[in-house]
Amino acid sequence: MPSWPEQTKYISHVTTRIDAPEKVTGRAHYSSDIQANGWLYGTILRSKWPAATISAINLDKALKIPGIKAAITAKDLPQNVRFYGEEIAAVCGTTKQACLDALRAIEVTAQPRQFVVHEDDAMKDGAPQVWDGRPNAAPGRPREQGSVDQAFPECAAVIEGFYTTAVQLHHPMETHGSTVSWTDEGLTAWASTQAISAARDGFAGPLKLDHSQVRVITDFMGGGFGAKLNGSVEGVLAARLSKEAKAPVRLMLTRFDEALAVGNRPSSFQKIKIGALTDGTLHAFELDNYGTPGIAGGDVNLPQPYIYRVPNTRVKQTNVAINAGASRAFRAPPHPPASYAMESAMDDLAVKLGMDPLEFRLKNDASEVRQREYKIGAEKIGWKEKYQKPGSSPGVVKTGIGCAGAAWGGGGPSRNTRGDAQINPDGSIEFRLGVQDIGTGTKTVIAVVAAEMLGLKPEQITVKVGDTNFPPGPGSGGSTTCASISPTVFDICAKALEQLQTQAGIADARGDNWFAACKKLGVTPLLVHGQWQQGDSARPLSSSPAYGVQFAEVAVDTETGQVTVKKVVGVHDCGLIVDALTLESQINGGIIMGMGYALYEERVMDDLSGVVLNPNFETYKLSGIGDVPEIELTLLNMPERGVIGIGEPATIPTAGAIANAVANAIGVRVYSLPITPAKVLAALGKVPKPVTA
Amino acid sequence: MKKPEPENFGAFSRRTFLKSIGTVAATAATAQVRSVAAELEKVNAEKVVGPDAVPVTLTVNGEKLKLMLEPRVTLLDALRNYSSVTGPKEGCDRAACGACTVLMDDLPVYSCQKLAIEAQDSEITTIEGLAKDGKLSPVQQAFWDKDALQCGYCTPGFIMSVTALLKFNPRPTADEVRHACAGNLCRCGTHPHIIQAALQASGAQVTSKTEVINA
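Chains as they are written, first to last, in the working numbering: chain A, 2 to 694; chain B, 101 to 315.
Derived by calculation from the structure, the hints in this document are not laboratory data.
Among the hints, a few may not be true.
Unchecked claim - Far from chain B by the CB rule (all over 10 Å, computed), these chain A residues:
1. Ala138
2. Thr400
3. Asn470
To be verified - Derived, one-sided and incomplete: chain A residues facing chain B with beta-carbon distance under 8 Å:
4. Asp34
5. Gly223
6. Asp607
As the list claims (entries may be wrong) - Looking from chain A toward chain B, a few residues come up when the C-beta cut is under 7 Å (computed):
7. Lys24
8. Lys97
9. His172
10. Met174
11. Glu175
12. Asp220
13. Ala297
14. Glu460
15. Ser586
16. Gly590
17. Ile626
18. Pro630
19. Leu636
20. Asn638
All residues carry an ideal CB built from backbone N, CA and C; glycine is no exception.
Construct all of the structure, not just a fragment, from the sequences and the given hints.
Rendered as structure tokens:
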């Protein structure tokens with residue numbers, strides 16, 4: 002059975018990104034850059050009501066504005082809107098300015114309804130119902146093993162805490178949207194999507210087109226983080242405008258739109274009770290959690306007690322609907338809130354037991370991989386020297402350290418992944434895979450694997466992805482892309498070498514023989530088709546899961562409440578590393594996004610108006626370059642596991658590690674993400690508790 | 101362009117506002133407001149443009165771009181929507197993300213916050229104008245070498261900010277790089293590599309602390 006070569010020239014080494022030249026020169030054309038012949042600008046009118054019945058929409062005045070070519074309603078009337086920012090109508094025209102004027106000219110008749118935008122309010126008796134005839138709170142079936150009621154009295158130490166996390170917005174730098182051309186011949190969409198196949202179906206379904214009539218192209222896309230896996234309302238609106246105006250329409254969301262309507266990570270409100278025996282063995286765990294995905298979505302059910310095995314466990318979780326945009330998958334759903342709360346509770350319990358939190362983890366974590374990672378990380382951050390009794394750091398600016406662990410069951414392959422390579426008589430070779438590069442380095446991974454297998458250089462490999470005309474591959478979600486395409490390219494290369502042997506009569510067409518072998522093809526290029534392969538069961542070509550641990554060191558100013566992350570140490574098992582450079586970038590990115598979740602990011606809703614109060618970057622704070630700490634990574638290369646995905650596990654443990662470092666520094670727990678200065682000062686008793694969601 | 105009446109636009113007029121803040125202050129303020137209004141009127145009288153499209157000439161990467169634009173069109177929209185210069189990206193359209201950063205006479209500016217008509221007297225450099233004769237600039241090359249990009253959407257903005265920094269400060273410290281890029285956002289979290297790239301472009305030696313352990 003096939004397996005990865007033991008000695009490698011490119012795999013597990015450093016290869017610079019093959020599409021970087023386009024990206025550093027502006028030649029990379031994203032969906033928002035497409036200037037199809039005669040293109041029109043498109044834009045969406047959104048509800049200014051968090052809940053209303055729209056009975057009439059008059060588009061006449063909008064259509065009379067010079068330059069406006071089409072105006073449509075989003076849905077049949079009457080339309081029930083359920084959140085501020087829901088799509089009502091759309092226009093397209095020759096200029097952005099004309100479209101903005103047209104949005105103002107649309108007359109909407111609406112009957113506002115009662116709304117509710119906070120979880121606690123939504124669960125009260127008599128709260129306005131987001132969906133008619135359905136209670137906002139939908140409790141899941143409680144999960145219980147062992148006997149919690151019997152177990153807690155047996156514990157030597159028990160803590161209780163109410164750990165909460167805010168709604169986080171994806172905010173990829175390129176907003177959602179596409180340029181769409183819909184003619185009698187069919188529909189072509191240059192879409193900013195993480196899943197070209199799903200995007201194609203997302204056009205075909207609502208527009209009642211055959212899948213074969215829809216082509217989705219994504220040459221370059223500016224990030225998604227889970228929010229661009231779905232078919233899209235905005236894409237369908239762009240298509241309808243295109244048909245009506247008989248011209249291609251570019252409809253990219255504004256940053257405001259992006260904050261309202263295209264996904265988020267649900268909140269969580271986790272009441273945790275956890276206990277351990279005298280020797281520090283976890284014995285009982287109870288969770289009562291609720292959270293909101295907005296009007297719909299998912300991921301509210303957290304995998305608690307996360308990475309720990311607790312013999313007596315009771316978990317109750319409630320999904321709470323509010324009048325806000327629906328949640329979508331968000332990098333490692335729903336692990337980060339689970340990791341944050343569980344790891345915080347672990348530290349709080351360790352303190353109560355009088356145990357070192359790292360020792361407490363090593364005692365209770367069954368994963369051998371993480372055991373090893375904790376030991377490496379502890380060494381790197383200097384745990385023994387730096388860990389001190391919580392709150393014992395002297396002075397006004399107090400330092401502390403903390404750690405947390407992760408597990409990601411995904412990261413494995415999509416077994417239906419396919420691909421082609423065309424080998425030309427001049428030795429040039431082009432790979433075509435119906436996947437997309439969302440910034441993770443997918444194109445580079447294909448080039449690295451192909452170069453390794455064929456004895457060529459990565460720059461000799463031409464890679465084409467992001468087109469539904471290519472053989473199908475998975476959406477870029479669940480950290481599956483790398484583990485799907487690497488074995489597929491492996492298979493294509495193995496078959497190419499076989500066929501070259503047959504056709505060219507050269508036993509080994511690799512490396513120095515490559516061009517001579519290709520020349521023997523004559524005038525007809527060789528087209529090779531391959532698909533994902535399992536490989537040797539003992540040394541598979543790809544597998545899952547992934548683990549990983551992180552340590553954080555922080556400084557907390559006890560006068561201002563400001564938290565500064567000084568250093569993060571990440572130790573991640575990466576299976577067979579394909580490209581160490583792009584891997585490092587991705588893990589850095591996971592940590593930095595996790596830091597934003599810990600300290601800065603929160604969608605704020607207004608009770609009275611039902612609007613999102615911070616729908617742009619000056620008020621919704623992302624980690625900036627000045628906030629980014631020193632990051633020190635240790636990457637475990639484990640070729641025997643084959644290729645696994647790492648994009649998601651890298652962001653899971655960061656918030657927990659930072660939260661624990663803050664608690665270690667100031668000696669009290671901040672129970673709520675993001676850990677803002679106001680919450681730190683409140684935890685220290687210096688200011689009243691801030692009014693929050 | 102029909103100008104709003106300076107004394108009475110909307111129900112809450114300037115006059116009622118001034119009345120409400122008291123006589124003494126109002127006297128002083130009114131005098132000031134009147135002189136400012138007179139000043140504005142003079143300027144506007146000289147140079148009334150719009151609201152319809154007017155000819156605008158931009159100098160972009162050394163080439164003249166002759167466009168017909170409504171005066172309210174921003175430099176960013178002029179480049180992206182009225183010409184093929186799509187390197188500068190729109191991330192927020194309100195001076196918060198820096199993806200639209202271009203150089204105006206060597207200074208980095210948010211092109212979403214400049215009207216195109218205001219930019220006519222400046223030399224504008226975009227990401228497309230940095231490579232000379234097909235050779236990447238040192239900053240572009242360093243971004244490639246250090247993998248200072250992931251999805252690449254913020255990359256043009258960061259490269260322009262770093263390019264501007266190195267023009268004025270050829271050997272910056274890491275903190276100076278952070279300061280120069282404080283107005284640029286990156287959601288992929290590529291910042292550590294951006295700092296490395298900027299330092300490498302300045303000629304400094306840069307080493308990664310990442311350790312790969314063969315397990």
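Against the structure, the hints come out as follows:
1. Ala138: Since the minimum Cβ distance to chain B is about 33 Å, Ala138 (chain A) lies beyond 10 Å and the statement holds.
2. Thr400: Consistent with the label, Thr400 (chain A) stays out of reach of chain B, its closest Cβ about 20 Å off (over 10 Å).
3. Asn470: Given a closest Cβ separation of 23 Å, the condition holds.
4. Asp34: The hint holds - Asp34 (chain A) has a Cβ within 8 Å of chain B, the shortest such distance being about 4 Å.
5. Gly223: This hint holds: Gly223 (chain A) lies near chain B, its Cβ roughly 3 Å from the closest one there, short of 8 Å.
6. Asp607: This interface hint is violated because 20 Å lies over the 8 Å limit.
7. Lys24: holds (3 Å)
8. Lys97: holds (6 Å)
9. His172: holds (6 Å)
10. Met174: At about 4 Å, which falls below the 7 Å cut-off, the nearest Cβ of chain B leaves the hint on Met174 (chain A) intact, so it holds.
11. Glu175: holds (5 Å)
12. Asp220: violated (11 Å)
13. Ala297: violated (24 Å)
14. Glu460: violated (12 Å)
15. Ser586: Holds, because the Cβ-Cβ distance from Ser586 (chain A) to chain B comes to roughly 5 Å (cut-off 7 Å).
16. Gly590: holds (3 Å)
17. Ile626: holds (5 Å)
18. Pro630: Not OK, violated: Pro630 (chain A) not within 7 Å of chain B, min 9 Å.
19. Leu636: Constraint on Leu636 (chain A) satisfied, holds at 5 Å.
20. Asn638: holds (5 Å)
The structure does not agree with the numbered hints 6, 12, 13, 14, 18 stated previously, though it agrees with the rest.
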